[in-house]
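A.B. asks: As they're listed, the protein sequences go chains A and B.
Per full-length UniProt numbering, numbering through the first sequence is continuous, rising by one, with the last residue being 205.
Per full-length UniProt numbering, numbering through the second sequence is continuous, rising by one, with the last residue being 205.
Don't take every hint at face value.
It does not matter which identical chain is used: a pair holds within one copy or between any two.
[Claimed, not checked] Simulated pairs of lysine to aspartate or glutamate, EDC-like, Cα-Cα distance not exceeding 16 angstroms:
| id | residue 1 | residue 2 |
| --- | --- | --- |
| 1 | K130 | D37 |
| 2 | K183 | D63 |
| 3 | K203 | E149 |
| 4 | K183 | D160 |
| 5 | K183 | E196 |
| 6 | K203 | D160 |
| 7 | K203 | D18 |
| 8 | K203 | E152 |
| 9 | K52 | E64 |
| 10 | K130 | E140 |
| 11 | K62 | D43 |
| 12 | K62 | D37 |
If you're looking for bench data, these hints aren't it; they were derived computationally from the structure.
Chain residues, written in single-letter form:
There are 2 protein chains.
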Amino acid sequence: MARAAARIPLGKETESSDRVLQILSESARLFAASGYDGTSMRDIALACGISKSLLYHHFADKDEIFARIALGATRELYHFVHERLPEGAPPSARIRAFMTATGDYFQRYRWAWLASTASFWNDPEARRQKERMMWRDRYEGLIRTLISEAIEAGEIRPVDVALAVRLVLSSLNWMHRWHKPDKSMNPVQIADSYFEMIFNGLKQN
Amino acid sequence: MARAAARIPLGKETESSDRVLQILSESARLFAASGYDGTSMRDIALACGISKSLLYHHFADKDEIFARIALGATRELYHFVHERLPEGAPPSARIRAFMTATGDYFQRYRWAWLASTASFWNDPEARRQKERMMWRDRYEGLIRTLISEAIEAGEIRPVDVALAVRLVLSSLNWMHRWHKPDKSMNPVQIADSYFEMIFNGLKQN
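Just chain A, same shape as in the assembly (with noise of 0.2 angstroms):
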């Protein structure tokens, strides 16, 4: 868990070096706090303690590093969740355990969350914005074979399995709009709760 913790989304890690990192873990807290206008160049340099011209000598543009945030972020969670499955458990332990795995996700790399949220919606790349959608389904690829092996194996009645995986991927996708990192329940608690609700649903049996 301290490598994953460690871990930051990068474009290529081959390319990587500790300078890149750098900018790249700064320019994500300084997005998630400012947002994407509110931060400029010459904040993301000062906040590296480096000179506007050895930034961009890494990064052409804001653009870029943003970019390099946003789709790294998709990416990681992908194999973050993806580790995370307990191999040989019942269907329904391991949703409870993507669902789980995605808050622990979003409580780690909140900033990252955040900047590829933003972009996953806005970006005018094409190019990059396909990349993303292929990490982001295959990330969704992953609960809706789980909902639909949880169907076969008589866990779950059967549903209709694509909104069943929108309403569990809506419950973790929202979550960034609501929960501040202060509140008394953190994400992996509240993303095991609404397993819970989710599963058992709230009617009184």
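Following the hints, position chain B against chain A.
C.D. replies: Chain B only, in chain A's frame:
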């Protein structure tokens, strides 16, 4: 219902004229199609078939138009949903009506919903933000009260009310991110299915 369908969310109804109504309606359509940044005062004037100077006679700038749409949409959502809660029905039936009415509102006023969602989180004007928050709080208060009443009536098991509210609202609030108007299920049917899944749960009994 015809009356509601013909109503357009407005800032102050007493100020409104056919012209203002037309400007707000066309602007909302353009904002929804091209985004706030992708829509100019020139585009709005063209869409309305009026001169830019006549447009500026009614509104100081694009931001004022956007804010009027967004504020109006939040307030109208509250009234629209509130009017559709069946009086005297059991709390669970009223929760279902809350959800399907929200789907209905989204279906009718998609453009206003999008404008409202976009500006809800980014409006730099504190006073407008505060007023919108007040209407949003009243809307959220409806579902909070209904879930509490359903628990008291023994229809819902004693879950965490705040989190159950978040689950219901997440399912509805995320819809604009993925639902296309040409989808086979319309937003009312989707909201109804969400109610069924959340209330009864996915678990096979």
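A.B. asks: The structure should be examined with respect to each hint, and the outcome stated for every one.
C.D. replies: Structure-based check of all given hints:
| no. | hint | in the structure |
| --- | --- | --- |
| 1 | K130 - D37 | neither (23 angstroms within a copy, 23 angstroms between copies) |
| 2 | K183 - D63 | neither (32 angstroms within a copy, 33 angstroms between copies) |
| 3 | K203 - E149 | between (24 angstroms within a copy, 13 angstroms between copies) |
| 4 | K183 - D160 | between (33 angstroms within a copy, 15 angstroms between copies) |
| 5 | K183 - E196 | neither (20 angstroms within a copy, 29 angstroms between copies) |
| 6 | K203 - D160 | between (19 angstroms within a copy, 13 angstroms between copies) |
| 7 | K203 - D18 | neither (52 angstroms within a copy, 48 angstroms between copies) |
| 8 | K203 - E152 | between (24 angstroms within a copy, 12 angstroms between copies) |
| 9 | K52 - E64 | within (15 angstroms within a copy, 37 angstroms between copies) |
| 10 | K130 - E140 | within (15 angstroms within a copy, 36 angstroms between copies) |
| 11 | K62 - D43 | within (11 angstroms within a copy, 29 angstroms between copies) |
| 12 | K62 - D37 | within (10 angstroms within a copy, 18 angstroms between copies) |
Violated hints for the displayed structure, listed by number in ascending order: 1, 2, 5, 7.
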